[in-house]
Amino acid sequence: MERKLKIALIILIMVLVIVVSFGGIYVKKLVSYNNILPDYNLGSELTGSRLTSLKVGDHVHEIIYDSEGNEVEEIPEGADESQYRKEEVPENSEESKTKENYIKSKEIMVNRLKSLGVADYEVRLNEDNGNIFVELDDGENTDTVLSDLIVSGKFEIIDTNDKTVLMTNDDLDNAKVLYNSATNGVNVYLSIQFNKEGKKKLEQISRDYLATSETEHEENEQSEESTEKTITMRINEEDFLSTHFDEVMPNGELTITIGNASTDSGQIDQYIQQAQYYAAILSNGELPLEYEVESNDYIQSIYANNTYLYVLLGITVFMIIVSIIYMIIRYKMLGVLSSIVYVATVALLLVIVRYVNANITLDTLIISIILIVINTYINCKVLKNIDKNDSREDVKGKIFGSYLKVIDLLIIILISAVVFTYNASSAISSMGVVLFWGIIIMALMNVLFTRTLLIDSRRK
Amino acid sequence: MKNINNIMKIIIIVVAIVIIAGIVMICVKGFNYDLLHSKTQRMNIYMTQDFDINDIEEIANEVLGKNNTKVQLGNAFGTVASIVSKEITEEQEDSIIEKVNEKYQIEINKESDVVLTQIPQSNAWDLIVKYISPIIITTIIVLAYFIIRFRRKGIIKCLLIPVLSIIIVGALYISIIALTRIPINELFAICGVLIYFLTIIWNTIILNKE
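Line order of the protein sequences matches chains E and L.
For reference, each letter of the first sequence is one residue, going 1 to 460 in my numbering.
For reference, each letter of the second sequence is one residue, going 1001 to 1210 in my numbering.
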């Protein structure tokens, strides 16, 4: 009696799991009933993504020179215009429009995406005209990322007064973001590292532009003049900071504080983003060409309402049905009991997937096929060893033996799941998450329910 | 036993021929990319009123040909109709605009409401590159597990056969795709991952059985 009750109870739990997963849990909120289970999180492959077309800029810049041949921003009001000469210069010269520069531009953009932590992207290059097509997941930072892609990335350290160029991108090695917790909050730094040549230059510049102390100011007029000698760091052709050096910099590293020390996490995030932006720009060099956005639209995925998706879903469901039919025909009653837990395992995984925030993409659908194969293999492995005349103790022993034989497979898939989970790409990470939970749920459902049902199916 | 050896030899020869033929095909003709991954033109129409994407699809198919066209809905509010085709000539562009105007009784301005862009072809490597590092890491860890767990079976069974099977199955898959001219899209890499996992599972089962 107790045995039958146990079987009935397990079957009831399984049915409940299946109903909850496929039907949902509805709770009355104000006037309507709402499903309290979270929705599936569909990935960009199934919803849509941002498609941006970048073309090599064809604008013409107007440059104004004064009578002495110096470049000026504009003609001063009331000045004699005849004293100034205007010259039209294309933003990209014909000589710069080469295949090498097109390829270099694409590489820089790809590296910037990597540095900015964007893992899901596709960048295509038209080698004939240099146009670049970028496909990105559509999120709140997409516009910022896109604008970061096309900035020039030009880096210069110049003398503030006479505008002499002291250092350029050629002197840079890389840049990274550093943090430091102090009593007044977290400080965010941009650490710019220079190459061998840049290191020497930085040391020399830091000597030449060294600040003089206040006492020296009072005593020596000449030193007071040297204090005013400052450098200006320019990034993307805009002044980033003007400063002098407090000490000689012999180690080829320049650390700049971004913002002020803060305890506000939102503010810190903002500083980090800002520092990451500069690090990404400086680490990957200057774009050899200027690009402009030709089109930038969110476009729905072709899989959003497409036969491909239905075919893939159909294959998954078909595989489950075939597995279940095979188990029922081959192993009769034991097959039926295993099949009930099998369906409940799929149902429970579908519930868990909603809570662990895994993106449902084409990749995760493929992972479900792997899980179906493994689950069917495990079930068949267990059922195959059980004989009609086996006692409860025999069944227990045989199931244990079968589990030992599949444990290697589960460990190996679990290892793969963990590796995939920690990937930067959300699609690959979701594959790992679904695989991980799939294996865990499969193992637990088998040990807790399939095993119990199979043992209790025996009278003695 | 002799028969099995003969069958194995035939299988090895067939697999080798397919792989070599696949490599030759990739070198000579490359892969066959599907429309969204080929060199195409994308015509984005910024619609000034609500529209049914099926109507636009019908118009695009009529002007550009059904097998040569894909139509997608754009922007969060569905205000853009995006038509992709191998080539959209100026006449075809004008014809589509005219038909859309006629259908919805609107006046789409070609200069301000339509953007025609050239989309370069995808690169098969770009489609698979993000899967490379997790697969290499997984393979190294799995091989280490095989060596520790099944060390008694010898290095050939623990290391050489799994490595060779992963490489050969992968090469066979890529060659078949190249030879059969199946269009390459996102599923190319994803199916590759599926095949990789099935190879790992198969290797584990074989090692366990032995």
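Note that these hints are calculated values from the structure, not bench results.
Errors might be hidden in some of the hints.
[Claimed, not checked] Footprint (simulated), chain L over chain E, 3 or more residues, beta carbon under 8 Å:
no., segment
1, 117 to 124
2, 179 to 190
3, 315 to 327
4, 424 to 432
[Unchecked claim] Straight-line alpha carbon distances no greater than 25 Å define the calculated PhoX-like cross-link-like pairs of lysine-lysine that follow:
no., chain 1, residue 1, chain 2, residue 2
5, E, LYS28, E, LYS55
6, E, LYS99, E, LYS154
7, L, LYS1209, E, LYS396
8, E, LYS55, L, LYS1153
9, L, LYS1153, L, LYS1009
10, L, LYS1086, E, LYS106
11, L, LYS1066, E, LYS405
12, E, LYS104, L, LYS1070
13, L, LYS1070, E, LYS176
14, L, LYS1039, E, LYS97
15, L, LYS1039, E, LYS106
16, E, LYS332, E, LYS398
17, L, LYS1153, E, LYS381
18, E, LYS99, L, LYS1070
19, E, LYS381, L, LYS1157
20, L, LYS1110, L, LYS1070
21, E, LYS104, L, LYS1153
22, E, LYS106, L, LYS1110
23, L, LYS1209, E, LYS384
24, L, LYS1157, E, LYS405
25, L, LYS1039, L, LYS1153
26, E, LYS229, E, LYS201
27, L, LYS1009, E, LYS398
28, E, LYS332, E, LYS229
29, L, LYS1110, E, LYS99
30, E, LYS114, L, LYS1130
31, L, LYS1009, E, LYS55
32, L, LYS1209, E, LYS99
33, L, LYS1029, E, LYS55
34, L, LYS1209, E, LYS381
35, E, LYS405, L, LYS1153
36, E, LYS55, L, LYS1157
[Unchecked claim] Short derived list, chain E residues pointing at chain L, Cβ under 10 Å:
no., residue
37, LYS55
38, VAL89
39, PRO90
We treat Cβ as the ideally placed atom computed from N, Cα and C, and that holds for glycine.
Query raised in the report: Does the structure keep LYS1070 of chain L and LYS176 of chain E at a Cα separation of 25 Å or less?
Result: Roughly 43 Å between the alpha carbons, so the hint for LYS1070 of chain L and LYS176 of chain E is violated.
Query raised in the report: Taking 25 Å as the top limit, are the C-alpha atoms of LYS106 of chain E and LYS1110 of chain L close enough?
Result: violated, 30 Å
**Report entry** Hint check, VAL89 of chain E versus chain L [nearest Cβ-Cβ separation less than 10 Å]
**Finding:** Violated, because the Cβ-Cβ distance from VAL89 of chain E to chain L comes to roughly 26 Å (cut-off 10 Å).
Query - Annotated coverage of the segment 179 to 190 of chain E by chain L, confirmed only when three residues or more have a Cβ within 8 Å - result: With 0 residues close enough to chain L, the hint is violated.
Query raised in the report: For the pair supplied as a hint, LYS1029 of chain L and LYS55 of chain E, is the alpha-carbon distance within the 25 Å limit?
Result: Violated. LYS1029 of chain L to LYS55 of chain E sits at ~28 Å, over the 25 Å cutoff.
Report task. Would you mind confirming whether the straight-line C-alpha gap from LYS1039 of chain L to LYS106 of chain E stays at or under 25 Å? Result -> holds, 17 Å
Query raised in the report: Given the hint that LYS99 of chain E pairs with LYS1070 of chain L, does the C-alpha gap stay at or below 25 Å?
Result: Given pair LYS99 of chain E, LYS1070 of chain L is violated - Cα atoms ~30 Å apart, limit 25 Å.
Query raised in the report: LYS1157 of chain L and LYS405 of chain E: Cα distance at most 25 Å?
Result: holds, 18 Å
Query raised in the report: Would the hint on LYS55 of chain E stand, with a C-beta cut-off of 10 Å toward chain L?
Result: holds, 8 Å
Query raised in the report: Taking a Cβ-to-Cβ distance below 8 Å as contact, does the segment 117 to 124 of chain E have at least three residues touching chain L?
Result: It holds: at least three residues are needed, and the segment 117 to 124 of chain E offers 5 whose Cβ sits within less than 8 Å of chain L.
Query - Distance restraint between LYS1110 of chain L and LYS1070 of chain L, which requires alpha-carbon spacing of 25 Å or less - result: Holds, at roughly 20 Å.
Query raised in the report: Going straight from one Cα to the other, do LYS1153 of chain L and LYS381 of chain E come out at no more than 25 Å?
Result: Roughly 23 Å between the alpha carbons, so the hint for LYS1153 of chain L and LYS381 of chain E holds.
The earlier numbered hints that this structure contradicts are 2, 3, 5, 8, 11, 12, 13, 18, 21, 22, 25, 27, 28, 29, 31, 32, 33, 36, 38, 39.
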